[in-house]
Amino acid sequence: MKNLSENTFSVPFGPQHPALKEPENFMFTVDGERVVDVKIRLGYVHRGGEKAFEARTYTQGLYLVERICGICAMAHQLCYVNNVEALIDVEIPRRADYIRTIIAELERIHSHLLWVGVAGHEVGWDTLFMYAWRDREVVLDLMELTTGNRVLHASNTIGGVRRDLTSEMISRIRKGMKLLKERTNYYKAMIPKERTLMKRAVGVGVLKPQDAVALCAVGPTLRASGIKRDVRRDDPYSAYDETPFDVITYDGCDVASRVLVRVDEILESIKILNYALEHLPSGPIAVRLPRGVPAGENVSMVEAPRGEDIHYLKSNGTDKPERYKVRAPTLANWPAVGAMIKGGYIADIPIVLAAIDPCMSCTDRMTFTEVNSAKSWQWSRDELRRYSLKWRGK
Amino acid sequence: MAMQNELVKSLAKKPATLLYPFEKYDSIPGSRGKVVIDITKCIGCGLCIRDCPAFALEMVGKGPTCDMKWYITRCVFCGQCVETCPRSAIIQETTYDLAGAEKAALVIEYKRPKSS
Amino acid sequence: MSENKKEQEIVEALKAKLGQSLLTARIQKPRRIFATVSPSALTDSVKFLMESHGLRHLATITAVDLGKDIAVYYHLIGGEITMNLRADTPKTEPKLPTIVPMIPGAELYEREVYEMFGVIFEGHPDLTHLILPDGWPENVYPMRKEWKTDAIKNEIAKALGEKLE
Amino acid sequence: MVARRAEEVFLEMAWEVGLLALLSALIYPGIIFLVVIALFYQWVDRRFYAKLQNRYGPIYTGPRGILQPVADLIKLLAKEDIEPSAVDKQIFRAVPVLILTMPLTALFMIPITGTWALASFEGDLIFIIFLMTLIAILAFLGGWSSTNIFSTLGGMRAALQALGYEVPMAVSFMGPAILAGSLSVSKIVQWQASHGLWAILLNPLGFGIVIVAFLAELERIPFDIPEAETEIVAGWQTEFSGRKLALIRLALDLELVLASGLVTALFLGGPTGPIPIIPGIAWFMIKTLVLVLIFSNLRALFARFRIDQMVSGSWKYLVPLSILQIVMLELLLGWLSF
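Protein chains in written order, with our numbering: chain A, 1 to 394; chain B, 1 to 116; chain C, 1 to 165; chain D, 1 to 338.
Bound conformation, chain A alone (with noise of 0.2 angstroms):
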């Protein structure tokens, strides 16, 4: 609290608040209207998600690693299959390689749909949210339809992916994606159209190409800032390797030209659905492999829908690994937020918050659980009064 002046106060967003859809501290302080510095706290949805992977095998962390965002689920556990596979050195079938592709742009579609909704809502447009979530809707039933759950699809196994598709699957999902291409296209022509929003997104939250270096921003924030980096066509894993697409890059730095950017993202989305759709090759969809994992250490990267997911393993021979890291997009994203945010208003907060596509729990990825007793230790609400009471007195 030192070095304020006297006209400056601190406004606390969070752990609750309308804005945040899960919980994280920012303190943000103000002069008036204007934001003159943020600090960040997080770990209120800290789950020992690192600590829990050492605790389980390969196959129960196939589960865990999903559950670090229900969002991101599929490239999460993209990623780790990825680790887990290039470890035993196996060659998965072309066919696993393409449905894991199709999940994970079908995944990318409906992450951006609901941004697009979440967007809307942070500036008070709850009609853009109810509509973007509608059409969101049409994702959630294909990918409950190809892998049996709406989001956390359990759609992988070490080895290649676990449910094939069936023609009937590929038409409905064909039809899906004609479906939101034309609504894609009428939000990317309206969006642009509505002032009133445009108006609270344009020049705001600006994040100069040279400082999203810097800060080691990721995905669709980096991307926004005119930098064209995407993990998929750098470092090409599943089938991306054969799937063209356009890398989009905006100039605008602002909010603006992160709705767009994640607007036609979806539309190259459809592209490569509909291509991965068309070449998609016959065969087997998955390897037997041995429940064991050869020691060694593996990295490695996934773009999920909001940036670069990257993900560390190290195994020591046995069947529960040594060492799992996991940095979700989100983190790598707060200390741009704090150079987005620093000058602005205080009513532009929720909008430059929500731009980065902030997911608390990815952030936090970490109950601390006793794997043995399968019981996890939590607090009772008498013990958190206590907890909260001495804490309060100190």
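Worth flagging that the hints you see were computed from the coordinates, not collected in a lab.
All clues stand as given, with none of them false.
Which bits of chain B does chain A cover? Going by a derived footprint, with three or more residues having C-beta under 8 angstroms, they are:
1. 6 to 16
2. 30 to 41
3. 77 to 83
Glycine included, C-beta positions come from ideal geometry on N, C-alpha and C.
Put chains B, C and D on the given structure of chain A with help from the hints.
Just chains B, C and D now, kept in the frame of chain A:
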């Protein structure tokens, strides 16, 4: 004003939402729902318990005479047990409305018939 | 090996630059390099990789508990190349120089490694808790192997002066 | 004997007149009637807004969910009323009551059933403007007395916003007043009825500005800045709960009736219409309902402005336009009189 046309169109349309408890959506084939164990096929190998990431299955007793318990509250509906089971004794139905008001009702027991 | 030309180039350049300080270097597969440097040469090698090979994007910092040592990995990315630069530091007194002045984006990652493993990053502008709560017991670094969940629980209880269920 | 009888008759009449006045103030078209239509319009607003967004809206309580606003009100009235220890108690308790009386008082001056309002005097239009300013000031006081950071910000925003919309709104009200040559709402309605001419025809711009200004007064999107949910939680209402919140909510619903009623009276000819058989109250309901639908449609159409954009936009565009409207009206009247 860019969305006015769309809004007017909506007035004539049926709402996209469902009146859930009264109006349910048809579950999609292949959807991962309720876990059902055919206990007569179960040989009590315990593989499903080893692979379950959420500790949602429990064996009561040992070996081929065991009973099985399924905790709905713990299950994450990943379907790993279905895949692991060597005797295909576990299947997943598409039933999705499994919520209940009492905790005890959220544990389903699959007991072996007494005669066998 | 011709396909890994760029990777070769980086490894050679690193060898020439660091000499003795480069402990190991291997190309694991196309686009992935693993290299170990001594802690004293860490900042130099990061700077060198950034400036002459364009590895400007720090993906993250990973720490691994090796028993006696803590290995800290810096995942540097430029274009398609991912360089995993490793520096070991003894567990009894884990210390590494900070790279925040060169890469401002490293701030949060270093803080995370600090609170999970207890590695002190010398020169870091604000080495405080990021994820763990403020009242976290001192010298409890949850991601170290010797800390089991029960032990962490007891420490928290001790710090609170009460017994947790 | 005769004198005594006359006195009795007079007393009886006075009693009856008094009772009638009391009943009309309390029941129809007074407080109870106003509260009922306020809740009804809330339902209309919610249903229409939902329909525009391709969803159902309230549907379970009563036929088609029509009783939902009543249920919400009762629920809030029954809920625990929490008063934070840091609040300024007197103001904090007074604000919800006062804020409810403002739109109610103002509504008494708006003709609902016929061309006369319950209370009417020369200059009551100015009094209504004054009451509406008081609403903004009460919002500010409510936010300020809560001492919560979000409430304070919300209250400040409410006051700032009032600075933005009040001037163009007041200037635009003058259009119909100039036409009728009176500052009484009832007389403006009578002028429109007797001339068979709605003031909107001569004041189209003023009508638009008043609609925009009322969106701001009602704290609705795109001007829901003082209670912007995603930015400052519930703005100046954040700390209010239970009965207090119920009163504030009711006040906001009454404000919607006031807004549509006042626009109807000033620009749309009030509770009169071209077909004489239809009673005044029906005309009032039809016109105000259309206005409520317009308000909800606008609410669904926009994103929220920022406070600086709102205030500067208002002074840059709304104020000059409203003055232009008055000048044009004067020129038109001058030309007509020639």
